[in-house]
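These protein sequence lines map, in sequence, to chains A and B.
Numbering of the first sequence is given in my numbering, commencing with residue 1 and proceeding in unit increments.
Numbering of the second sequence is given in my numbering, commencing with residue 238 and proceeding in unit increments.
All the pointers check out, no bait thrown in.
Dumping the calculated DSS-like pairs for lysine-lysine here, alpha-carbon to alpha-carbon at most 27 Å:
{"no.": "1", "chain 1": "A", "residue 1": "Lys-48", "chain 2": "A", "residue 2": "Lys-29"}
{"no.": "2", "chain 1": "B", "residue 1": "Lys-313", "chain 2": "A", "residue 2": "Lys-169"}
{"no.": "3", "chain 1": "B", "residue 1": "Lys-291", "chain 2": "B", "residue 2": "Lys-396"}
{"no.": "4", "chain 1": "A", "residue 1": "Lys-169", "chain 2": "A", "residue 2": "Lys-2"}
{"no.": "5", "chain 1": "A", "residue 1": "Lys-95", "chain 2": "B", "residue 2": "Lys-384"}
{"no.": "6", "chain 1": "A", "residue 1": "Lys-161", "chain 2": "B", "residue 2": "Lys-313"}
{"no.": "7", "chain 1": "B", "residue 1": "Lys-414", "chain 2": "B", "residue 2": "Lys-388"}
{"no.": "8", "chain 1": "B", "residue 1": "Lys-396", "chain 2": "A", "residue 2": "Lys-95"}
{"no.": "9", "chain 1": "B", "residue 1": "Lys-313", "chain 2": "A", "residue 2": "Lys-125"}
{"no.": "10", "chain 1": "A", "residue 1": "Lys-58", "chain 2": "A", "residue 2": "Lys-125"}
{"no.": "11", "chain 1": "B", "residue 1": "Lys-384", "chain 2": "B", "residue 2": "Lys-464"}
{"no.": "12", "chain 1": "B", "residue 1": "Lys-464", "chain 2": "B", "residue 2": "Lys-291"}
{"no.": "13", "chain 1": "B", "residue 1": "Lys-464", "chain 2": "B", "residue 2": "Lys-269"}
{"no.": "14", "chain 1": "B", "residue 1": "Lys-388", "chain 2": "A", "residue 2": "Lys-95"}
{"no.": "15", "chain 1": "A", "residue 1": "Lys-61", "chain 2": "A", "residue 2": "Lys-125"}
{"no.": "16", "chain 1": "B", "residue 1": "Lys-316", "chain 2": "B", "residue 2": "Lys-291"}
{"no.": "17", "chain 1": "B", "residue 1": "Lys-447", "chain 2": "B", "residue 2": "Lys-269"}
{"no.": "18", "chain 1": "A", "residue 1": "Lys-125", "chain 2": "A", "residue 2": "Lys-234"}
{"no.": "19", "chain 1": "B", "residue 1": "Lys-316", "chain 2": "A", "residue 2": "Lys-95"}
{"no.": "20", "chain 1": "B", "residue 1": "Lys-313", "chain 2": "A", "residue 2": "Lys-95"}
I should point out that these hints are in silico values taken from the structure, not numbers from a laboratory.
Listed below are the residues making up each chain.
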Amino acid sequence: MKICLIGDSHSAAVKLAYEATGYSYPSLKIRFFAARGNGLYGLEVEDKILRAEETELKLIKSMQFTSGGISKIDPEDYDAFICMGLSRGFGRLLKSVLGSYSRNAKNTAIRDFWRDSLGISVLRKLRQITSKPIYLGHAPLAAATKRPGEKSTHLYESMVKISNELVFKDFEAQLIAQPLKTVVNGLHTKDIYAQGAKRLDIGIDDLSEDLMDRVHMNQEFGELWLSNISNILKVGP
Amino acid sequence: MNPYEKQPPKAFWKHGVANNSLFDISGLWNPKFRIMPKDNISAYGSCFSQYFGKTLEERGYSWLRTEAAPFGMNPKNQKLYGYNIFSSRTANIYTSSLLRQWTDWALNPSDIPDIVWKKGDHYIDPFRPKIEPNGFESVAELENARKVTCKSFKESISKARYFIFTLGLTERWLDKKHGFEYPMCPGTAGGKFSSEDHEFSNMDFGETLKGLRLAISNMREINPRLKFILTVSPVPLTATATNQHVLVATMHSKSLLRAVAGQLALNNKNIDYFPSYEIINSPAFRGTFFEPNLRSVNPYGVQFVMNSFFNAQEQKFGKATIQKPEKQKVISDISNEDVICEEELLNAFGNQK
Chain A
1 MKICLIGDSH SAAVKLAYEA TGYSYPSLKI RFFAARGNGL YGLEVEDKIL RAEETELKLI
61 KSMQFTSGGI SKIDPEDYDA FICMGLSRGF GRLLKSVLGS YSRNAKNTAI RDFWRDSLGI
121 SVLRKLRQIT SKPIYLGHAP LAAATKRPGE KSTHLYESMV KISNELVFKD FEAQLIAQPL
181 KTVVNGLHTK DIYAQGAKRL DIGIDDLSED LMDRVHMNQE FGELWLSNIS NILKVGP
Chain B
238 MNPYEKQPPK AFWKHGVANN SLFDISGLWN PKFRIMPKDN ISAYGSCFSQ YFGKTLEERG
298 YSWLRTEAAP FGMNPKNQKL YGYNIFSSRT ANIYTSSLLR QWTDWALNPS DIPDIVWKKG
358 DHYIDPFRPK IEPNGFESVA ELENARKVTC KSFKESISKA RYFIFTLGLT ERWLDKKHGF
418 EYPMCPGTAG GKFSSEDHEF SNMDFGETLK GLRLAISNMR EINPRLKFIL TVSPVPLTAT
478 ATNQHVLVAT MHSKSLLRAV AGQLALNNKN IDYFPSYEII NSPAFRGTFF EPNLRSVNPY
538 GVQFVMNSFF NAQEQKFGKA TIQKPEKQKV ISDISNEDVI CEEELLNAFG NQK
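Required output: the full structure, derived from the provided sequences and hints.
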């Protein structure tokens, strides 16, 4: 199965995992098109192709580097698409809906959160050129700063389900959860998965130093994520 | 030498007004308090008061908000759901007695009435009829939201240094049986009007003054250090329930509100009056700041009022050091369309003849 993965810096963990363990998924071929930050807002649809706008030189270079020399996304070349990251604050959204808000207000916030996200921007453009399956993996929940307590992932799973019902269903796309094994305290990622996270390599800087933040995850997380998506795509090892 | 000879130029119509371009008329406010950017400021009142919070924030001041919208909700929907309009989600507070009612509830949440209005499958909060665009799904959800707002309203008093209140109306609608005040006439923004249950009241000077005094007294109970800045909305009534012409009813109401605000400011060192009403309505400004309907204040008028507020502060106390980067002041940022004004609904439900 040929997959086009379009992502931001969060796709680095999956890329590293794919490079290290991709042989375990012989029927899965992933091509990455990644850019840091909000770079992918510079994508445009032209002649049924998704490409960087001419003036987005940084994005063009980034796409070429991360894909191995290709700067256009032709939907005919792939069987399915994955948008990785391209959203900020899924954990905050989760926390927010625990507050005393009406259900309508919560649902409106969920709709707005996604509709204003880079993920939906890319999704809309993809849907202009293809009816093939599209999956979106949200940016990982921020790493926990306190010891794991709550083990239930019920709320998190509910939020993924509601997001699908309220937003992604309309695009005939699917939001996928991060591996439940990585979720702690209901709305965080277990801290071990944030240790040793690497920057997304776009071929311009030294990557020897690890990222020291709570939002980017490491290769181990990427491996679990890859395993998860392979189960969804039914291309498991 | 007579006493007028010692008066400054601004005390004379010729020098203060007649010899000036209307845009050069200044010195209209001699503020009692120095507002520092770090001072928490709560703002409530009628439609016009919505500009205060927004402008304070744009200029790097601390507009206190104690009831946040859910994360993710975009600014347009936040407005639609009544977030980030006032310091908490009270919706418009048009009268002094309605302000007193909110402060009563802040002090005694058990006094919050259990009145709700049903609309189809949904429920409307009579005290904030437009706060949920589609109504609440259940009575429990409505009552919970009301309690959250009461708590947030109290917090916006306890944590504030200044409380800006814009008086809007003297006309009000009361629940005959329970004595509660509705912000809107039942049957306009929700509910059903019944002459058996609802009654009209147009507050006189004494009632308006008493309402405001009690509200301030309640708020001082929560926060003894709180200082007040009163203003009067220059926006005319959309409609009157009296038998007067709406223009006469407007002048009657606004004159009372202006007099009450002035009276309180005159006698209390912790209460000030800011003349937004005069800046828009005085003949010196020739109605320049009104839209063609002579009711809505245009963005330039709002900007002029707010500039007068900050210029007066600067002239008296010097330039404040703004910690946060000052956002670009784009006049079109302040648009009449942004203002949530339930009173406008009266137009939709009034006599269309």
